[in-house]
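2 protein chains.
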Amino acid sequence: MKRTLINELNSMINERVLIQGWVHKIRKLKSISFVILRDRTGLVQCVIENTAMEEKNFRLESVVSFEGIVKEGKNSLNSFEVQVEQFEIINGTKEELPIEINSEKLNVNLDTMLNNRVLSLRHERINSIFKIQNLIVEGFREYLTSQGFTEIFTPKIVSEGAEGGTEIFEVKYFENKAYLAQSPQFYKQMMVGAGFERVFEIAHVYRAEQHNTNRHLNEYVSMDLEMGFIEDENQVMNLEEELLKYILSKISLKGKKYLSILEMEIPQINSTIPRMKLSEAIEILKNKYGKTELKGDLDPEGEKLISRHVKEQYGCDFVFLTHYPRRKRPMYTMPCGENETHSFDLLFKGLEITTGGQRIHRYEQLVENMRYKGLEPENYKSYTAIFKYGMPKHGGLAIGLERITAQLLGLENVREATLIPRDRTRLVP
Amino acid sequence: MKRTLINELNSMINERVLIQGWVHKIRKLKSISFVILRDRTGLVQCVIENTAMEEKNFRLESVVSFEGIVKEGKNSLNSFEVQVEQFEIINGTKEELPIEINSEKLNVNLDTMLNNRVLSLRHERINSIFKIQNLIVEGFREYLTSQGFTEIFTPKIVSEGAEGGTEIFEVKYFENKAYLAQSPQFYKQMMVGAGFERVFEIAHVYRAEQHNTNRHLNEYVSMDLEMGFIEDENQVMNLEEELLKYILSKISLKGKKYLSILEMEIPQINSTIPRMKLSEAIEILKNKYGKTELKGDLDPEGEKLISRHVKEQYGCDFVFLTHYPRRKRPMYTMPCGENETHSFDLLFKGLEITTGGQRIHRYEQLVENMRYKGLEPENYKSYTAIFKYGMPKHGGLAIGLERITAQLLGLENVREATLIPRDRTRLVP
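Taken in order, these protein sequences are the chains called A and B.
Counting with my numbering, you get residues 23 to 451 for the letters of the first sequence.
Counting with my numbering, you get residues 23 to 451 for the letters of the second sequence.
Read the hints as simulated data drawn from the structure, not as lab findings.
None of the hints are false.
All copies of an identical chain are treated as equivalent in the list; a pair is satisfied when it fits inside any one copy or across any two copies.
In silico lysine-lysine, DSSO-like type, Cα no more than 30 Å apart, as pairs:
#1 47 with 403
#2 279 with 96
#3 276 with 153
#4 267 with 24
#5 395 with 194
#6 371 with 267
#7 403 with 194
#8 116 with 403
Pulled out of the complex, with its shape left as it was, chain A reads as follows:
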């Protein structure tokens, strides 16, 4: 007999069905028991005679197979239930469950949740986070594909770091030393120059950062894009604005079930996202909030306060901060005057979720800017070579998938938006 999914049962009243899933809850009455079965599509109440049940090791979270008749019958879950006539335990639970999955909220701390990831993910409030994350990723791809972008897969084992700094993992690559990519920066620029013009990649990137905060992961999913034939970074911001509108409306439309489980509403972008020079933001933070210590960048508190200001002033949860100082941005960033750059960050509800900007497209300027940043152009020959043979003006951005998910769903920690996180101490599961 073919398996029927629980969300298909409502059209099968009085029919015999085979359903399979996990034992979510058991309530034993005098002669019968109510067993709530869970599969990937939902929950259903099933009725079994106690005499039949007692023969078997019938425990919570066991995987079972039920054959029975779908009967009308109002209960807290559905307007029907299943009268079980035959059943089989496919794989019984062996040990006491370390966490309680059938409570309304999963009341465990973050470590317990992550140590028991396979179990915590079975909770619908946890599961729903990743269903929403799926929609973000799908929306990103769909919008960019519709705009003529090509998806690319670029190497994560690299011979040089793209973002500078020492926060880079080392790999033993046969007799050579290699590194894990901090970003696909060089390669996405190459692919613009290779004639694709517009490319995107959704893949892991690696940062060997020592600090273990609620907004850092050592391995995270970066949604990257890069586009050629732009005038400046404003076109990249324009694209991100449309991209985010598309993603947010997709979630509102297709994520209803999961949003209601999470008791969340998704903000929409009604007109445009405010754009503000970083220096202006720093002035506002000084004058309005008495924050005087900021030098060329915001700290986490500054990000929260400027987001609050923008929300009050413009009613928007997003803000683009632009013109970051040259000394704070990587060597590939297009300078703007002596001290600033054609660059931006996007803050969403007080957290940076995007870094982007225009890149240098001329060979001489790139080499010069490398020297300005104290780098030796000779070490980047396979990268600089591409600028000798017709590189268009271009720019791009990267959105941190776990961060945008966490901010959208009001999660305290980016680890909650990661199936299996890697951080300073977490290498298993």
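Using the hints, position chain B against chain A.
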């Protein structure tokens, strides 16, 4: 003025346009020159007066911006051309091109092609390979999403190898030793058990194989799927059959332009893919082709010959080989009798493009099978733990993206189906 793409020009006859792209070809006549401009959508012939051109450094592959009028006029490319009135060199080519991009075929050897990847990818025959690869990936995602699969992102930095063997890259993870994932095997199984039931992932995996053949890469894209609540591996093969039909018909439909550039036709699967026990295949190879040396697996020649046999006998380019011996398959593979397993490979035109099968879902059997394979269950505790709390029967497979692309398009070497390959010697670009 807004940029117009070349494939939009046919609806703009007699209008003034701005086009931007690369200088593909220059043909100088007495007083005018024909310049063929290339952008991501195609080629167009442009007419410029020589007096205007001579002032500037007008070289092949320079990035330029043309303003002019679209005029009717038959030429080898289109039924129109652009009379250029104003132009700008956005970024001029600085050096002699190391390879010739505007020839009909790119006549360079593989090393030259890969060393000059940004240039070789500009050739439409090379570029088209990745447009088809995009359709494979899109088709894979679309079909599985329609079948209730959830996309997952699982860690590539891991504490233990999933596939056994020593072919694994080592990463320095702070004070610990870690590895690059050989496959998402453990994690995709976990996510089945975590209640998603059906999951897929498209991501890089890493194999530290010493050999440098035309079918091996040290970093490749694995299209993985895993599904719960199956009876046995036949359902996984059934799914792959439908999945491949979907992908092939998508390519035929949406890839016409690129297939015609590549002068390729895509095979379709008309009925079902033949399934044959590996032992039967070995018998056929012995009796029909005199290959007597095969023991429990095929060599590359054996793969080619059995594919030829199946093509002759059943008219199909694909064949499932099943029931691989237990000693040849990883410890998570479901045994079938004493010596065989519920497993399969899929060969396509003589090359293995998929490995799959049913997995062990019971804790005791898994631990026992680890010991049979000479592994210490204690070393896999975070993996075996998931089998204690209700793991459904499940199975899955992985398709190598570069391999299926190469086989579909008749490429000699999987590196040709990789934007930036990593192999035994290749760590740049």
